[in-house]
Amino acid sequence: MAGQLSRRQLLGTLGGLGTTALAAGFVPLAFHEAGAAETGPKRQWAMVIDLRKCDGCKDCTEACQEVHHLPKSFEWIKVFEVEDKQGGSFFMPRPCFQCENAPCLRVCPVAATYKDDEGIVLVDQERCIGCRMCMAACPYGARYFNYSDPPIAPNPFQHATPEFPVPQQKGTVGKCMFCVHRTDNGELPACLEACGMQAIWIGDMVQDVATNGTETVRLSRLIKDNDATRYKEELGTGPRVYYIAGHGQHLEA
Amino acid sequence: MDRRTLALYRERATWSIGHGDKKFWVSLFVLSSLVAAGVYAYVYQVQRGLWVTGLNQKVSWGFYIINCVFFIGISYGGAMTSAILRLTNAKWRAPLTRIAEATAVAALFVGAVYPIIDLGRPDRIIYLLQFPQVGSPVVWDLVAISTYMVASLVFLYLPLIPDLATTRDSLRPGLLRRIYGMLALGWRGLPSQERALRRGIGIMAVLIIPLAISVHSVLAWLFAVTVRGGWHSTIFAPLFVLAAMLSGVAAVIIVVAVFRKVYGLQQFITTKHFRYLSYLLIALGMGYLYFMVSEYLTEAYVLEESTAPVLEAIFTGSYAPAFWSFTILGLVFPLALAALPGRLTIARACTASALVIAGMWLKRFLIVVPGMAEPIMPWDWGRYAPTWVEITITIGSAAAIPLILIVFFRFFPVMSVHEMEEVEGAVERSGGLAPAYGGGGDD
Amino acid sequence: MTRLFAAILGAVALLAVGQQPAIADHVKPTIDVGARASDRSELGYIIDARLRTADGKAIGDAAIRFYELVTFVGPREMFLGGATTDSQGVASIAYLPALTGTRQIVARFAGCCEHIAAAEARFALEATIAKPAFRQERQPLAAFSDRVPYVVGVLVLAVWGLIGFALFAAARGVIGGARGASRKEGPA
Chain A
25 MAGQLSRRQL LGTLGGLGTT ALAAGFVPLA FHEAGAAETG PKRQWAMVID LRKCDGCKDC
85 TEACQEVHHL PKSFEWIKVF EVEDKQGGSF FMPRPCFQCE NAPCLRVCPV AATYKDDEGI
145 VLVDQERCIG CRMCMAACPY GARYFNYSDP PIAPNPFQHA TPEFPVPQQK GTVGKCMFCV
205 HRTDNGELPA CLEACGMQAI WIGDMVQDVA TNGTETVRLS RLIKDNDATR YKEELGTGPR
265 VYYIAGHGQH LEA
Chain B
712 MDRRTLALYR ERATWSIGHG DKKFWVSLFV LSSLVAAGVY AYVYQVQRGL WVTGLNQKVS
772 WGFYIINCVF FIGISYGGAM TSAILRLTNA KWRAPLTRIA EATAVAALFV GAVYPIIDLG
832 RPDRIIYLLQ FPQVGSPVVW DLVAISTYMV ASLVFLYLPL IPDLATTRDS LRPGLLRRIY
892 GMLALGWRGL PSQERALRRG IGIMAVLIIP LAISVHSVLA WLFAVTVRGG WHSTIFAPLF
952 VLAAMLSGVA AVIIVVAVFR KVYGLQQFIT TKHFRYLSYL LIALGMGYLY FMVSEYLTEA
1012 YVLEESTAPV LEAIFTGSYA PAFWSFTILG LVFPLALAAL PGRLTIARAC TASALVIAGM
1072 WLKRFLIVVP GMAEPIMPWD WGRYAPTWVE ITITIGSAAA IPLILIVFFR FFPVMSVHEM
1132 EEVEGAVERS GGLAPAYGGG GDD
Chain C
-10 MTRLFAAILG AVALLAVGQQ PAIADHVKPT IDVGARASDR SELGYIIDAR LRTADGKAIG
50 DAAIRFYELV TFVGPREMFL GGATTDSQGV ASIAYLPALT GTRQIVARFA GCCEHIAAAE
110 ARFALEATIA KPAFRQERQP LAAFSDRVPY VVGVLVLAVW GLIGFALFAA ARGVIGGARG
170 ASRKEGPA
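Residue numbers (our numbering), protein chains in the order written: chain A, 25 to 277; chain B, 712 to 1154; chain C, -10 to 177.
No lab work stands behind these hints, which were simulated from the structure alone.
Do not take every clue at face value.
[As the list claims (entries may be wrong)] Over the 10 Å line for every Cβ pair with chain B, so calculated as not near, a few chain A residues:
| no. | residue |
| --- | --- |
| 1 | Cys81 |
| 2 | His93 |
| 3 | Gly112 |
| 4 | Leu146 |
| 5 | Ala184 |
| 6 | Gly195 |
| 7 | Ser244 |
| 8 | Lys248 |
| 9 | Asn250 |
| 10 | Thr253 |
| 11 | Glu257 |
| 12 | Gln273 |
[What the hints assert, rightly or not] Chain A regions said to be covered by chain C (calculated; three or more residues, Cβ under 8 Å):
| no. | region |
| --- | --- |
| 13 | 207 to 217 |
| 14 | 229 to 241 |
Heads up, the beta-carbon is just placed ideally off N, CA and C, and yes, glycines get one too.
From just these sequences and the hints, can you work out the full model?
As structure tokens, this is what we get:
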């Protein structure tokens, strides 16, 4: 009879829809095959920061801002003055931790932020829609949003890439990327070179090596011998930056 | 309800169609101006960038996200009154469902626009469709809201079909009659048509409740899947859903009261309706209080490093005035007001509801801003104050809802005639997927 | 007088000779460096460096530092460890390479006490033993969370299907009913 559907027809239609749904379900679910190589000869970047040597001068912050033509509010490596429980204070530089289990990566709706195969978390500012979900998710406050146009970079023909996002784009997010644009060309990160106390070490977990520009040692030894720890590691983020605990005691030497 | 009352009901329901008196045009003008101001503020923002807002590096979400959650919460009034009352066969719902469903759709549209307003690169919004990442709460948001929007529209349209036919029949032959005729799909009130329609509405009524729950759960997870102190709480999804239901019912009370007054529906929407709606309000409000106590007790008892600063800020710190205003003036007092013994006046119900709605906005503020401002690193608390851009857009969007409603009711009946007939047993019943539409339940 | 003069000359000569650095004692040591697999495999290799004088005499108590030549943002010398030579002139460290393959090892003696010169030796170790390869920890529940999006996707599409069904079945029912009725009624 017109206008009347039997129970059988209904179930049949639903079953057909369900099967189509199952098959078609894979189509719109384009997901980003993110993640570094788990093994293999590619480098896996890490950093060690020696808090016994940091004197809070912020040369690292300024060098980073200079190299990337950032506004003064963008502190991709930010030096915190931390009060310790014994009443003193010490300085703690915080770059992006390039987390192995990065919350910012998980929540990006368009895969504008992704991990390259060397463990660096990069931001593609051509893809970023500026929803700032990643900023809400980062437990370390390491991401910065371009609310306005950045200072004009001297090179007008500079073509920005995720590895060297200069000039920054208004309405998108930027952050520290361990100066991968420099390390790819045999130069150490800007913050490391600017540090007068040589407190910043950059390393490779695969080759097990770390250097602060002057000395080069085994990364695992540097971490182990100095009981280096990671910040807020209980959050399960898997940071790649280790801190050698201290309060500037090596500055007197 | 006798035939004459039913005819009167039909007359009041369709009174606003094509009826443009001075009040209508004045309201249209005023509301449109406010909406236009909001649009201007947004264009201003798009041209210059988000620096025109009060947002900064620490507090990167503010009014826009608050308003998104708030307005989508308002839209729950439709799901509550129309769907839940339909499924529980509450006969008194009949004059209210149209207003509730229309308000729901209007509020949903306004709320769903806010994430777009918040975007740094709204020109790239198509990327959400090109490269959606299924792990992202923003994508869950997109899916849930769009599904809920389609469902709400269908849920508004299907019960509207018989009323469209009534309107069609009352029009003179012409273009307008043909349009209504097309939309009415040739409705004639035949038993087979009734069955088909009832099945469709029944499916939607059942579907829209889990959909509504999913939307606000997803909005809650936007916050709860981060590790910020005031956000990373397992109760967030149920809390948001209940908050939405509460603000939705409060909104329905106010909107129904206004339309009752302006469209002359006093005979059919009585204090009885407001009494029942306020029962719902009280029940939901107490449930919300319970959820709040549960959350704060669990956190405050332990005072973990991650949650202690936020708790301190809202209980005794810089956000304490807002928090206690919300709790006392926005929740406890209005619920007590609504629950007072004695005859409930519509004024009392509306006062309580207005306080609840304002309180609910404040609560969303108290969720978003302290969560963003709290020191997640060894630095100071962040600060946030909205600029004229954010305030203007807020006012414009709030004005958009009554604007949509008064325009909507220029073309469609403000009360559901068919639903009233259905509830009154004037329509023959047979079969259908949801046979619980029996004429029982007096009152 | 001549005898006194000769004695003085002799004394001065002796003194002069005595003041000069003992050229015969200036040492240019050599280092022989090599590696052997350790008895304990978790140590990997033992790198031995033997420090000797040119005529083969062992130099004990000398500090030897070992490096590996690596390329990490440019060529660098990675410090592996230091050891002091024993009475046989041998200093050893344990060395477990991070990667297999050819490892360039350098043993360096910085020199001592003004009369022992510095020395250095290089050695290419074909390492077959290495540390376990660096693996990033797989997140717990990864297998589960990889599949959840598909399940949810199916649910979402099913819901859309249901909405579509509710709408179109109802519409079809209403339209069909009207047509059926007008057919029954005949032309109006």
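Hints the structure violates: just list their numbers, smallest first.
-> 6
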